[in-house]
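**Q** Listed below, chain by chain, are the residues.
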Amino acid sequence: PERGSRGGAAMDLFGDLRRMNKRQLYYQVLNFAMIVSSALMIWKGLIVVTGSESPIVVVLSGSMEPAFHRGDLLFLTNFHDDPIRAGEIVVFKVEGRDIPIVHRVIKVHEKGNGNIKFLTKGDNNEVDDRGLYKEGQNWLEKKDVVGRARGFLPYVGMVTIIMNDYPKFKYALLAVMGAYVLLKRES
Amino acid sequence: RKNVEDFTGPRERSDLGFVTFDITADILNGKNGLQTFIFDWNVKQLFLYLSAEYSTKNNALNQVVLWDKIMLRGDNPRLSLKDMKSKYFFFDDGNGLKGNRNITLTLSWNVVPNAGILPLVTGSGHVSVPFPDTYETTKSY
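Here the protein sequences line up with chains P and L, keeping their order.
Residue numbering for the first sequence follows the numbering used here, beginning at 1 and increasing consecutively.
Residue numbering for the second sequence follows the numbering used here, beginning at 1001 and increasing consecutively.
Calculated from the structure, these hints are not laboratory results.
Be aware that a few hints might be false.
[As the list claims (entries may be wrong)] Subject to a maximum C-alpha distance of 27 Å in a straight line, what follows is the list of computed DSS-like cross-link-like pairs (lysine-lysine): (1) L:K1069 <-> L:K1031; (2) P:K143 <-> P:K117; (3) L:K1098 <-> P:K111; (4) P:K93 <-> P:K117; (5) L:K1057 <-> P:K142; (6) P:K117 <-> L:K1057; (7) L:K1085 <-> P:K117.
[To be verified] Below, a sample of chain L positions facing chain P; criterion: calculated Cβ distance under 7 Å: (8) Y1049; (9) S1055; (10) L1061; (11) Q1063; (12) V1064; (13) V1065; (14) L1118; (15) G1123; (16) S1124; (17) G1125; (18) V1127.
[Said to hold, decoys possible] If you want the ones that stay clear, here's a sample from chain P, every Cβ over 10 Å from chain L, calculated: (19) A33; (20) V36; (21) Y166.
Cβ atoms here follow ideal geometry from the backbone N, Cα and C, with glycine treated the same way.
So that you can see chain L by itself, here it is in the shape it has in the complex:
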């Protein structure tokens, strides 16, 4: 984790977090308590995203999407990804990552039908990670 000028937008120095992660997931349709194949006749694709959620002094709630993937009908709904780096820069709005003990990572997805409702589903199972108390001065990746 570093403290750098947020070069993606705001011109103040903010915390920039570096996260590497593995994802093992089996995407299923959990409607009515039954688990069924996710790609039913009306599912065109899934937009999967990994989001980090945490609280800071500055903001009661922060959510940052770290990674996303489009899964088309016909793709394997089983994910087994290792050593992934976040796709997007994990900038905080301020300096709330240093020493933050509780960053919750959750995998969610947006079901895109051929026609109809667009639900957002959060997968069961999430993991909490802490950030260290000090900044890195060398390149983290």
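Isolated chain P, as found in the complex:
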């Protein structure tokens, strides 16, 4: 059958949809599920290899400028035997809060038995982080650490910030991805 020049691509898509039978649909769904599972497995693998519950984080604030800006991506490790030392960039969570904070260690006091307490400060902040800790809390401990920043990529994390701030964008992206995977034909 003839295909018009402008409506050609859209007509192909609908044509595909109508011609697909149940079996092919199931097959495409399984393909999609496999891709999602593989991605999840890679993520879990990263968690195991790095020792961090969140091996890749996005910088959310400007408190570490000019080194890191909002939207930059950080790669973390959290090996148990890695000591916490002044000058290191750590990602930590304040007890009871969800948002991880990326700042630098400026004070460390470690006892002979390995018990460590430390203080952090953002490079771009005037004061240390005591105002950010829990009420009455003056120090951070190892258990508060999500990981240590070992590497970084600029700008790449902006996508997740946009998706968070504009949910419509996130849904649109998911819809497009879903449509592509479901309709893609393996030749």
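Given the coordinates of chain P, assemble chain L onto it according to the supplied hints.
**A** For chain L alone, coordinates are given in the frame of chain P:
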């Protein structure tokens, strides 16, 4: 050095140290045994910091950052600073500064690339300073 209530946080009396220092440094990249210009194509900036490291009765290891500076690509990697006072309060966790003979001051820096690994480098050359056995009762600065 004084013994005052640590007004930056903990409510006990702790030793507060006052240090003045000079820094003369030439920051170089010492990879593979060769010394090269520190600001190569992938170095965006350096975060320099002077830290004091010492042991006390209370804590086997203490590290306190006394001073820091951001050095951007394009800045002169040679430092010649005189009569600097510490930027941050040098509070000990306890009273371990009085009579402490061995406070080691080291200059280190965090290399921030345009993209890639974030190494922490310690400069070669450090100095050890002792604190006196008694507290100052007058203003030290």
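**Q** Hints first: check each against the structure and report whether it holds.
**A** Each hint tested on the structure:
1. For the hint pairing K1069 of chain L with K1031 of chain L, the CA-to-CA distance comes to about 23 Å; that is within 27 Å, so the pair holds.
2. Taking the CA atoms of K143 of chain P and K117 of chain P, the gap is about 10 Å. The hint holds against a cut of 27 Å.
3. The suggested pairing of K1098 of chain L with K111 of chain P holds, with an alpha-carbon distance near 19 Å, which does not exceed 27 Å.
4. In summary, the hint linking K93 of chain P to K117 of chain P is supported, as the alpha carbons are separated by about 14 Å, within the 27 Å threshold.
5. Under the criterion of a C-alpha separation no larger than 27 Å, the hint pairing K1057 of chain L with K142 of chain P is consistent with the structure, at around 22 Å.
6. A distance of roughly 16 Å separates the Cα atoms of K117 of chain P and K1057 of chain L; the hinted pair therefore holds under the 27 Å criterion.
7. For the suggested pair K1085 of chain L and K117 of chain P, the alpha carbons sit about 25 Å apart, so the restraint of at most 27 Å is met.
8. Because the closest C-beta pair between Y1049 of chain L and chain P is about 5 Å apart, less than 7 Å, the hint holds.
9. A distance limit of 7 Å between C-beta atoms decides the matter here; for S1055 of chain L the minimum to chain P is near 10 Å, and the interface restraint is violated.
10. The beta carbon of L1061 of chain L is positioned within 7 Å of a beta carbon in chain P (closest approach about 4 Å), and the interface hint is therefore held.
11. Because the beta carbon of Q1063 of chain L sits about 4 Å from the nearest beta carbon in chain P, less than 7 Å, this interface hint is met.
12. The beta carbon of V1064 of chain L is positioned within 7 Å of a beta carbon in chain P (closest approach about 5 Å), and the interface hint is therefore held.
13. With its C-beta approaching chain P no nearer than about 4 Å, V1065 of chain L sits inside the 7 Å limit, and its interface hint holds.
14. The beta carbon of L1118 of chain L comes within 6 Å of a beta carbon in chain P, closer than 7 Å, and the hint placing it at the interface holds.
15. Among the interface hints, the one on G1123 of chain L is violated; its C-beta lies about 12 Å from the nearest C-beta in chain P, farther than the 7 Å criterion.
16. Here the hint on S1124 of chain L is broken, as its CB sits about 16 Å from the closest CB of chain P, past 7 Å.
17. Violation of the interface hint for G1125 of chain L is found here, the shortest Cβ-Cβ separation to chain P being roughly 17 Å, above the 7 Å cut-off.
18. Annotation: V1127 of chain L was flagged as interfacial toward chain P, and the flag is violated, the nearest CB pair being 17 Å apart, outside 7 Å.
19. Distance check for A33 of chain P against chain L: the nearest CB is about 33 Å away, which clears 10 Å, and the non-interface claim stands.
20. Every beta carbon of chain L lies more than 10 Å from that of V36 of chain P, the smallest distance being close to 28 Å; the non-interface claim holds.
21. Look at Y166 of chain P: its CB is around 26 Å from the nearest CB on chain L, clear of 10 Å, so calling it non-interface holds up.
Going down the numbered hints, you'll see the structure goes against 9, 15, 16, 17 and 18, while the others check out.
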